[in-house]
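2 protein chains.
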Amino acid sequence: MVIKDPEVAKLLADETRRSILHNLRHFEMTPCQLAKLLNKSVSSIMHHLNALEKAGLVEQTRSVVKGNLVERYYRASAKIFVISYVLSEGLVPGSEEIAQWTREICRNAVKGLEAFGFKLSEGDAEELLNLVERYSHLEQAAREEAISRYSSPMQIDKPALKLILSILTDLRLYNDREFLEVLNNIKRKLEG
Amino acid sequence: MVIKDPEVAKLLADETRRSILHNLRHFEMTPCQLAKLLNKSVSSIMHHLNALEKAGLVEQTRSVVKGNLVERYYRASAKIFVISYVLSEGLVPGSEEIAQWTREICRNAVKGLEAFGFKLSEGDAEELLNLVERYSHLEQAAREEAISRYSSPMQIDKPALKLILSILTDLRLYNDREFLEVLNNIKRKLEG
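So the sequence lines, in the order shown, correspond to chains A and B. With numbering that gives the first Met the number 0, letter number 115 in the first sequence gets 114, and the count goes up by one each step, no holes. With numbering that gives the first Met the number 0, letter number 161 in the second sequence gets 160, and the count goes up by one each step, no holes.
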């Protein structure tokens, strides 16, 4: 599922909501189970679930009556959620927050490169950040294009789905001159 | 964490064990919680947890005494697990089962391409399967090489870690003539 509405995408900037969605992708769960798992109150989980349900990201699957309590089960509406690159790039009104969030991930990635044995000067880190942001946008746009082709109700298991998306994304990117240039520049900076 | 022992990798061929590991990557959980979540008996979960612990894939974090019961919490030993490509390619003794499992994923991916609007003749599907297997192996080897560079205790959050691995994997692959040839051949097959 490709999320194109900035209001819906913003829901995913919250870690608890991401965790809820993440868990409901694989299993149906009740608010109580989620609360225990995520160490939150049931009312806080309910609040998040309502927001996610309203946005169409989760749906109720069934309810079970236990004594005089009704337990509702929820499930994510899709196996894979991606935020549209037009939001990550801040290209549409209301998407500034999402763009901010994406930049934060890129910044953490550049910082994290040190753990992979790459030492960067401050100036290089700044330039690399721009390249990594460009890389991330192009990759996301290509992945989104690949996911958008998935239109049949045919069920594909997760590892196979990931492999298909990886292939289709690569096919798109390795023919994209801008992407290859970005990669080359990243390489040069890292080998600096 | 790169898994190089075929006996350990085999543990992941079981869906329940994969689910357990998947859940413990994000939260510490007790066997009881896992049993409820995965709809399995506690004894079956315990059995799997013991196997995973023995293999070093999960570890106990703490135990809580409740009445006369001791609840043990478990957590995955790493955020990301990948099976070494030498196992997926069946290159070492005892890895035939893993190689079989990888082939199955590739076969499902080729079948799944139909859902993405690609129609393939039976002969093409057979040839494409070989290419997809080659793609998968090269991609996995490059990713493994990237992960192996991650040697510092520095904590990197998941989205940033994924981005770093994606960049380092691409840097490796787009300089690999065999990979580009495989991609080109896949492209030709898909465009019929």
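None of these hints come from the bench; they were simulated from the model. Incorrect hints may appear among the rest.
For identical chains, the list gives no copy identity; a pair is met inside one copy or between any two copies.
Result set (DSS-like, lysine-lysine): computed pairs, CA atoms no more than 25 Å apart in a straight line [claimed, not checked]: (1) 118 with 3; (2) 110 with 53; (3) 35 with 118; (4) 53 with 161; (5) 3 with 78; (6) 78 with 157; (7) 186 with 157; (8) 186 with 53; (9) 53 with 118.
Status of the hints after comparison with the structure:
{"no.": "1", "hint": "118 with 3", "in the structure": "neither (37 Å within a copy, 29 Å between copies)"}
{"no.": "2", "hint": "110 with 53", "in the structure": "neither (36 Å within a copy, 34 Å between copies)"}
{"no.": "3", "hint": "35 with 118", "in the structure": "neither (42 Å within a copy, 46 Å between copies)"}
{"no.": "4", "hint": "53 with 161", "in the structure": "neither (28 Å within a copy, 29 Å between copies)"}
{"no.": "5", "hint": "3 with 78", "in the structure": "within (17 Å within a copy, 29 Å between copies)"}
{"no.": "6", "hint": "78 with 157", "in the structure": "both (8 Å within a copy, 18 Å between copies)"}
{"no.": "7", "hint": "186 with 157", "in the structure": "between (31 Å within a copy, 22 Å between copies)"}
{"no.": "8", "hint": "186 with 53", "in the structure": "neither (44 Å within a copy, 40 Å between copies)"}
{"no.": "9", "hint": "53 with 118", "in the structure": "neither (46 Å within a copy, 37 Å between copies)"}
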